[in-house]
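**Q** Sequences are here, hints too, so could you generate the full structure?
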Amino acid sequence: MIVLCIIMVFLAQSLYFGNQVVAASSTANDDCPIFSIKYGCDLSAWFHLIIDGAIAAFLGVFFHHLAHKQGLRLKKIVEEHDAMKKRRREFAIQSLKNNFTSLLFSMSLINKLEPAYTSGAKNTNNIKDQINRNYEIISRVINEIKNTLLFLNDVLEPQIINDVNRLCQTINQGYVKDENKQLRSNDYTETKNKIIGLCKSFDELHPAVVPVQQLFQSTSSKSQSNSHPQRKLIYEEIAVYCKRLFKM
Amino acid sequence: MKILGIDDNTDINELLDTVLNGSGHEFTYVTNGTEGLKLIREKKFDIVLLDLAMPEFSGFDVRNSLLKEGLLSKQKVILFTASSVLDSEIEELIKKGVNSCIRKPVDVDFLIEKLEQLQI
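Chains A and B, in that order, give the protein sequences.
The opening residue of the first sequence carries number 260 in the working numbering; numbering runs sequentially from there.
The opening residue of the second sequence carries number 3 in the working numbering; numbering runs sequentially from there.
The hints are simulated quantities; they were obtained by calculation from the structure and are not laboratory data.
In this text, a Cβ means the ideal position worked out from N, Cα and C, and glycines have one as well.
Please note that the accuracy of each hint is not assured.
[As the list claims (entries may be wrong)] Here are the computed lysine to any residue pairs in the SDA-like style, where the Cα-Cα straight-line distance is at most 25 Å:
| no. | chain 1 | residue 1 | chain 2 | residue 2 |
| --- | --- | --- | --- | --- |
| 1 | A | 453 | B | 104 |
| 2 | A | 371 | B | 43 |
| 3 | A | 371 | A | 415 |
[What the hints assert, rightly or not] What follows is a set of in silico ranges between Cβ atoms, one per label pair, in the way DEER data are often shown:
| no. | chain 1 | residue 1 | chain 2 | residue 2 | range |
| --- | --- | --- | --- | --- | --- |
| 4 | A | 337 | B | 4 | 45 to 51 Å |
| 5 | A | 425 | B | 37 | 34 to 40 Å |
| 6 | B | 46 | A | 337 | 46 to 52 Å |
| 7 | B | 37 | A | 398 | 41 to 47 Å |
| 8 | A | 456 | B | 89 | 18 to 24 Å |
| 9 | B | 24 | A | 452 | 48 to 54 Å |
| 10 | B | 24 | A | 420 | 33 to 39 Å |
| 11 | A | 337 | B | 43 | 30 to 36 Å |
[Said to hold, decoys possible] Facing chain A, according to a computed beta carbon distance under 7 Å, are these residues of chain B, among others:
| no. | residue |
| --- | --- |
| 12 | 13 |
| 13 | 14 |
| 14 | 80 |
| 15 | 84 |
| 16 | 85 |
| 17 | 99 |
| 18 | 106 |
**A** Okay, structure coming up:
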C-alpha cells in the first residue's frame, strides 16, 4: 500500500514537473484548451489546481495512512505497557503481602517463645536459637520489603511506600536486642493491626480489577505446552528481573 | 491433621512448618505445583493449603488437574493467597470444589483456628 502510494505520488509529480518543463520552453497560444497537455502548451491555472489537488490528496492519504498505522502501533505499545504495569503492581503487592505474612508469623513465634525464654524454662538454648532464627527472618524480610519498594516504586502509590517504610522502621526499632542482649519486642497486636490496616489501604488504592486467573493465563498455557519459549510467564520474568536487581 | 502446603515462598513454608507441627498437626510442604500434585496423588492429606501465584504451575493449574483426575473431593483445598482475588472469583472457585480462601497476610492463630474449623 505504501509502495503504491509512493509510486502514484512519483508519477503525479513526474507528470506535473515534466509538463512544466516542456511547457515552460514554449509559448502558449489559442490552440491550447484549458485542460490540454501537449507540446507547446503552457499549463493553465485550472490544470495546476487539479494537479496540485491530486498531489495534495495523494500525500494526504499517504500521511494519514502512516499516521493511522503509527497510532495503532503506539496504542499497542501503551496497552502492553499498561498490562505490564498491572502485572508489576500485582507482583509488588503479592510480594509485600507474602513478606507481611512472614513477618506476622515470625513475630507471633517470638511472642510465644519469649515468655518461655525469660521464665528460664528448660531448653533455654534451643528456645534462644529459635528466637534468633526468627529475628534473622524478620531482618531479611524487612530488607526484601525495602528492595521491593525500591525497585517497584513506579507502580505503587507514594502513600503506600511511605506507610510501608514507616512500618519497617517501627518493626526494625522494636525487634532488636538491647545492650544487655535482652529481648525486647514490639507490641505484636499493634504491629499486626498496622499490617492489616496497610493491606486494606493496598486494596483500596490498588483494587483488583483484573481477575487473577487472567493474570495467570500465560501460566496455564505454559503448563499445557511448556516447550514454547514465547509463552514464558511474565510473572516469572518479573521475579527473575527483580532477583537480578536485588543481587546488584 | 495432615496438612500439605503448596507455596513458592520458602519463608512462609518454614514458618508454617514450625507453627503447625508445633501445634500438633502434621505439616508437609512443597514449593511448586507439580510436586504438590505428585504428593497428593501419592499420599492422603486432610487439607491442602494452596497458593495461587506460583511460577510454571500455578494454584489454578493444580486445582484444574485435581478436578480432572477426580482428586479434588478427596481432601479439603484451601486457597492461601496474596493475590488480589476478586470476591466473584472466590465464589466461583468455591462452587467448583475449593473449600475456602484465606487471604495473606494472616495471623497464625487465625489460620490454625480456620484450619481446625474446616476439619470439623
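**Q** Check the hint pairing residue 371 (chain A) with residue 415 (chain A) against an upper bound of 25 Å on the C-alpha distance.
**A** Violated. Residue 371 (chain A) to residue 415 (chain A) sits at ~34 Å, over the 25 Å cutoff.
**Q** If you check the beta carbons of residue 337 (chain A) and residue 43 (chain B), does the distance land in 30 to 36 Å?
**A** violated, 45 Å
**Q** Kindly confirm whether 33 to 39 Å is satisfied by the beta carbon distance between residue 24 (chain B) and residue 420 (chain A).
**A** holds, 35 Å
**Q** Between residue 337 (chain A) and residue 4 (chain B), does the C-beta distance stay in 45 to 51 Å?
**A** Because 50 Å falls inside the window, the suggested range holds.
**Q** Can you verify the interface hint for residue 84 (chain B): is its Cβ closer than 7 Å to any Cβ in chain A?
**A** The hint holds - residue 84 (chain B) has a Cβ within 7 Å of chain A, the shortest such distance being about 4 Å.
**Q** If you check the beta carbons of residue 456 (chain A) and residue 89 (chain B), does the distance land in 18 to 24 Å?
**A** holds, 20 Å
**Q** Holds or violated: residue 453 (chain A) with residue 104 (chain B), Cα cutoff 25 Å?
**A** holds, 19 Å
**Q** Restraint: residue 13 (chain B) near chain A, CB-CB cut 7 Å. Satisfied or not?
**A** holds, 4 Å
**Q** Using the beta carbons of residue 46 (chain B) and residue 337 (chain A), state whether their distance is inside 46 to 52 Å or not.
**A** Holds - the Cβ-Cβ distance for residue 46 (chain B) and residue 337 (chain A), about 51 Å, lies within 46 to 52 Å.
**Q** The hint says 41 to 47 Å between residue 37 (chain B) and residue 398 (chain A); measuring C-beta to C-beta, is that right?
**A** Given a distance of about 29 Å, which is not inside 41 to 47 Å, the answer is violated.
**Q** Given residue 80 (chain B) as an interface hint, is its Cβ closer than 7 Å to any Cβ of chain A?
**A** Violated, about 14 Å.
**Q** May I ask you to test the hint 34 to 40 Å on the CB atoms belonging to residue 425 (chain A) and residue 37 (chain B)?
**A** holds, 38 Å
The structure fails to meet hints 2, 3, 7, 9, 11, 14, 17 from the earlier list, while all remaining hints are met.
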